[in-house]
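Protein chains: 4
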Amino acid sequence: MSDIKSTSFLDRALRNLKGAWGKIAGPQKDHDLWAISADLSEDDDEIRLKDQMQACLGDYGGEVSARARAAALGHAYLALNAAGRLKFLKLMTESFGSDPVAVEQAMEDVLHAKDLSGRQMAETKLRHVLEPPRTRLLTQFNALPDGVKFLVDMRSELVGHLKANPELKGIEDDLKSLLNSWFDIGFLELRRITWNAPAALLEKLMVYEAVHEISSWDDMKNRLGADRRCFAFFHPRMPDEPLIFVWVALVEGIAANVGELLDEKAPEQDPETADTAIFYSISNAQPGLRGISFGDFLIKRVVDSLRRELPALKKFATLSPLPGFRKWLSGQIKLGEVVLTDDETKALLAGDEGDAVAALESRLSTPGWHEDDGNSVLKMPLTRLCAQYLLSQLPNSGTALDSVAHFHLTNGSRVEQINWLADTSNKGLEQSAGMMVNYLYELENIEANHETYRGAGTVSASSAVRNLIKS
Amino acid sequence: MSDIKSTSFLDRALRNLKGAWGKIAGPQKDHDLWAISADLSEDDDEIRLKDQMQACLGDYGGEVSARARAAALGHAYLALNAAGRLKFLKLMTESFGSDPVAVEQAMEDVLHAKDLSGRQMAETKLRHVLEPPRTRLLTQFNALPDGVKFLVDMRSELVGHLKANPELKGIEDDLKSLLNSWFDIGFLELRRITWNAPAALLEKLMVYEAVHEISSWDDMKNRLGADRRCFAFFHPRMPDEPLIFVWVALVEGIAANVGELLDEKAPEQDPETADTAIFYSISNAQPGLRGISFGDFLIKRVVDSLRRELPALKKFATLSPLPGFRKWLSGQIKLGEVVLTDDETKALLAGDEGDAVAALESRLSTPGWHEDDGNSVLKMPLTRLCAQYLLSQLPNSGTALDSVAHFHLTNGSRVEQINWLADTSNKGLEQSAGMMVNYLYELENIEANHETYRGAGTVSASSAVRNLIKS
Amino acid sequence: MSDIKSTSFLDRALRNLKGAWGKIAGPQKDHDLWAISADLSEDDDEIRLKDQMQACLGDYGGEVSARARAAALGHAYLALNAAGRLKFLKLMTESFGSDPVAVEQAMEDVLHAKDLSGRQMAETKLRHVLEPPRTRLLTQFNALPDGVKFLVDMRSELVGHLKANPELKGIEDDLKSLLNSWFDIGFLELRRITWNAPAALLEKLMVYEAVHEISSWDDMKNRLGADRRCFAFFHPRMPDEPLIFVWVALVEGIAANVGELLDEKAPEQDPETADTAIFYSISNAQPGLRGISFGDFLIKRVVDSLRRELPALKKFATLSPLPGFRKWLSGQIKLGEVVLTDDETKALLAGDEGDAVAALESRLSTPGWHEDDGNSVLKMPLTRLCAQYLLSQLPNSGTALDSVAHFHLTNGSRVEQINWLADTSNKGLEQSAGMMVNYLYELENIEANHETYRGAGTVSASSAVRNLIKS
Amino acid sequence: MSDIKSTSFLDRALRNLKGAWGKIAGPQKDHDLWAISADLSEDDDEIRLKDQMQACLGDYGGEVSARARAAALGHAYLALNAAGRLKFLKLMTESFGSDPVAVEQAMEDVLHAKDLSGRQMAETKLRHVLEPPRTRLLTQFNALPDGVKFLVDMRSELVGHLKANPELKGIEDDLKSLLNSWFDIGFLELRRITWNAPAALLEKLMVYEAVHEISSWDDMKNRLGADRRCFAFFHPRMPDEPLIFVWVALVEGIAANVGELLDEKAPEQDPETADTAIFYSISNAQPGLRGISFGDFLIKRVVDSLRRELPALKKFATLSPLPGFRKWLSGQIKLGEVVLTDDETKALLAGDEGDAVAALESRLSTPGWHEDDGNSVLKMPLTRLCAQYLLSQLPNSGTALDSVAHFHLTNGSRVEQINWLADTSNKGLEQSAGMMVNYLYELENIEANHETYRGAGTVSASSAVRNLIKS
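Residue numbers (our numbering), protein chains in the order written: chain C, 4 to 474; chain G, 4 to 474; chain W, 4 to 474; chain F, 4 to 474.
In short, the hints are calculated from the structure, not lab data.
Pairs count within a copy or across copies, as identical chains cannot be separated in the list.
Computed list of lysine-lysine pairs in DSS-like fashion (alpha-carbon distance at most 25 Å, straight line):
#, residue 1, residue 2
1, Lys349, Lys473
2, Lys152, Lys172
3, Lys128, Lys166
4, Lys117, Lys172
5, Lys172, Lys128
6, Lys117, Lys166
7, Lys224, Lys207
8, Lys224, Lys152
9, Lys93, Lys117
10, Lys128, Lys179
11, Lys93, Lys172
With these hints in hand, go ahead and build the complete structure from the sequences.
Structure (structure tokens):
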């Protein structure tokens, strides 16, 4: 059995579309889709596009022809510049929304349905009427060679336009709903990525990595060493594009410092004897899939896969940044909400009189502070404040202040350990004052932790962390 | 890079769900999903199932837990007998439909939206509210190892129940809509099937073949000879299940007799010198995908693929049955609508007096008539009546009387040639009086033919066929 | 990365060989290789072939050209009939043997070498000189699309000719030595074959099966059920051709009857709970690889693979025929070597007077005897004689009388159990009087058993079997 | 069907070898192979190894056991350091050579054979006796997980030792002969390598590239752009190791400058419109395969593959270095063999008096000379001398002076064009004085050119190049 590529089939189908355009739009408008300007600034450009969109929705020549026209339309979109694309998207939104009259009629029918069965049919009808034609147009782009990636990227652009063009919310919603269905977790494939993966794929990981920048191919190779693992989810129709990926270090004991993990000169751990898997970075790769979440599944499937590959592994934990900590701390200081213990105060002031909180802020604001041994006095107060930050929740929702914390707590982990001077990269110092945290995933407590957090609205934490606050 | 199977991941996740059930349903109901009876006849059975369905929709323990519960529910469904499954489906329909109050409120909001943007948001809201929870439940079954096949088969069962249980129309509609999105043509893979295909797959083709029964493995091997082709569409998540498949014979000139094509003793044609590809059978393999059509795409992609593989091919035509012809003819005779020419009359009566139409009917009704040379007098009138049948259309819709004709005309082919004694199998004699027809696919006329048929409401036919009627 | 097929590369290279032939053989002999007769009966045929063989060995046009000429020569061979091929092989043998003068000179040089290093160089030289040019010619056929299969089949033909044409022994030896190197066990791939294997491959297994005939595709499917396993060795350059394959049944306890194993109606055993793997058939598929043995490796790798897949398996045994037993028994009877016990005698004569041994022979010679309950008196003596047969060895070599026994004893198994009425197929009755034997493979005793047999010259057997003889 | 890895099968077999060692070598020598020192400096080390080698050749426990012992021996070899490995190789050579007595007896038998058939059998016998046992030992290493690579690397080490240890020539010869059989061109797979190839493979290409160093991953990616091609031969049992690879640039017209080809900033050529394929680098990747040549096949299969992929390609040429030119030129100057034309002399001396040849040498010896416009006077004489160099041949053999020229001329190309300042890298200036040459491969002249060179002993060259000398 052999697969037959559809890549160029529609292109050939397209070449056979003789006069298709003219037939639809009348001979007087027999213009060429390829002649439109990149920013749709010519008089007829938008009219031509709208005609073509109309033609895609029409049945002229049958379904294959319609798809071929959609492919042409998709190619036209790709040839536009940013301004042109925005106009294109607006055109689709405005001209191919649902029909208000039909919607109202269908709502009437729902209200006046005589029995349950009638009501059900009326609701089905209403749902169809509410589905705007542009959704069908979007679906048709799936016939493009890389149609799924095309749509994911289109949504990425739409999301970028939303603030300035709220009227695009409708089509963005349609597209998200379509992608949500197509990217159901049941369709995704988990793959392990090694140094034997295609260079083109590794190059993409370098670009997509969002937590700890990959500085070179040597750095990349080091992250794919024998004591490391990388896993990603893929969609069968986007086989070269990772959706989300996670980096794991196999170590002994819970790792407390990401710099050490990434050190290219560090010796390799024998993976067979490692007892702990540290998830030190998770990145979403496709902004066009924002709001469609795979992270929970990724972590748990990777834990499952690692447990079977390496039975010696006993603990699964993250080593995570606290992206909002430094900002929160400054805010607390400004609000006068930071209270220090006597010991902390004494240490921070080093015997002098003064404002210990201001001293803390001042020390933290001095460039290079983390390399000054004298600043070890910051360890106690920062660790304690960090615990306080992590266990804080928004008043009504019970949501953790820290977005990364929220993600891992929702997934059923708990706050396990807080680490001082754990990420001394510029970004680490700037966002997290160099602090990092381990979230611990214990299979037998995942559901309970999830419920503690989402149900009872409390953050699960180890007693060590919890004690930090009590003190 | 290596793929990691998710098959048993959820099973393991399931084993980790400690007390999940009890937590939801209360300790007093800590019953076991595996203990329900096959026909759901025990008192608590339906209550347990409904609880579990509810639990799947709930967030308890996070999304992975919910999917694991859905997998358990899916396994429970598979363990039920026919009666139990019907109850299961009814339960889902009744208990997890849309919320009428919420629907009405959302419709109100649409009507009272203040501006376009508000209206749009309200419509989006309404769409979400109209989507019944059971749709989400259906989606969750996708997490089963063969989740897509599970749902396709579930729809097949639903379709079978519709007549007797019209209240299932709602959930059947939901499922169709889900499958319609997942089976978009852009996701399907075209594969050529040869004698090197897995035996398990060929065995399925033998079962699924709907036009010309495959009588043995030798027959199968003969249909996969060097001068034959077989193509099928597959879905990436159902890689062992063909969706639709087509059989092609490479011949010289348009084939007029299917028995000759299938003759295992016939010599092989050199495919490089064949000038015509005959599509002599197309079968849909999945009743659960009824109404989601791939046939047009299949034929055209196969034509495209063959043209590139074998440049000597000049003609692409079907050799098709007329499944409704014999029945139509009897009806016409009863209605007295059949008019014979003088020559036909003379020949049919063989010099005697009498009712020529009755003679025709009588000859056709005699078992073994096709082996009697004396019946060659039937050739002319049958061929002519066959042309008349093929070119007939339903009064209002313009749809061809014959379903196969409707399919091929919609795809843009034309009626090319009518063949006498072309299929003398029992089925061929019974349904089509042994007649067959070639539909011709000409790339440059496909769109025009489609438009002639769908637009202008006329059947395209060769002048030879057209002349048959004029005479 | 993508593989690029070499299949037709040499064909194209061949078309570019302009005048190559003429240049070598002179313009007057510019004949066409394609014009030779199928049995090489025309005057010039052998001359032309010999010229072409010469040309393959020559360097004209470089190595690619030489290979292209060899490909042409190979195609010419394939086009010959049996008589033509025999002539072709004789031609190669006679005309392209080693050069006697050069051999003698090289032997001289070996004898007169002055030191060790000189001797070594001289020996190397001698080895090269002894390698006849036809070996290089054989190697060049490897450039044919299925070159390895071509050579394996050529050897199969050679082996068939040996008796009548002993002069072919030389080239047969050359070819065996070449194949021995290419089919080193390190190159072979073990594959499990399931019902998902290509139909074309399963069809070959049906043809190649040498022990228990596969009667139909249903029979085949049954042998590939969930409680069965089939494994085969393949060569990377003959990926569609099994070299040797073995059938395994997963059962509880040591199986004593092959008819029950092959019964299509028998219920399936759960493979996870089976404690015994029965190897009930091993077949060599390529007569051209006679004398190059893979059986020992196959059995041990399959045992290893099964142990890992199914940890519940505790025993690994064969259920084997005794292909020489019936013949041996008749011989023993004729020689008057068969001695029966009193009990056996009494039972066989059923109270009457007479010759018990003759009665035994007579009963065994009656068609259908195995279905006659009265013949249960044969059980004891046959089982005992069977043990005697299995434990018998050829006087000097210590080799077991039975060829299958020799194979399994060499591999390190022992005779475990003798089974009465275990194979009542025609072949089973004819060759083995319906008896079968289990050879037991115990990992921890394999080496010891091998040494017992090959070193000490004794057959290893269970005490049960050993006791049969003592009695 | 699924493949079953043999990787660890022998390891497990090894663990089952209980007492194997002791049995062979006697209880008093029950030492451990793993305890030998890395440089074989301990007293017993060599004895232990020799015992194990002996054990590998013996039949104890059957063939699987013997292979398992060979695998252990192979692992032991890998654990040795350079000194230890050399001792190991010497041990194999000395202790497992052919048996001189048996050889002499077999030679006697050849001489005294009574007839042709007897002679043939005696020769076969002699060949077997001449094959030293160490060859069988080498073959057995093929059972190691990467056995083929193991042997290729072992030969690479042997080749390195030859000069200092000529007694290793024997075993090196045995190994070459083994590899020659296993690496027959018929077994090799041609693959195209793209940016989607495994990073681990691309990393190897960076290491193995022998002509134009690959300076970075960006450089690598550029060499794999849309207008570039890279092809390599692989062996099925060394799938991750290229044997030889070639880099191709698709351009318009014959490229005259490699710096331009490798310029990362140069715009991409549309491959569909390119008319010329430039082979600008070929590298052998495995020193252990020295003397086993694939280059001719590689170039011609790549030409064949490109012609089919890109029909617009009309010319296939190399852009090659002249690695011996600069050295040859200095030699010629020293010998006073360089004669300049009047025009060249005048230009080189720039109007002054003096020794023009010395001026030429002096200019060429000035660092950075190639960037000095004044040195354009070198173009004429250098180009002419370069032509002279390329067309020069060694007196008796007719072999071209330049090794690269010899390779391409043997393959049937001709010297087409000489390029000034074509490679101004350090290496290019040093070896070739910046000159490069195009060899042209014309399908219809390949055989003739080969014959011109190998048969008639003349270098084929374009008239332009030929004219350079005449002048």
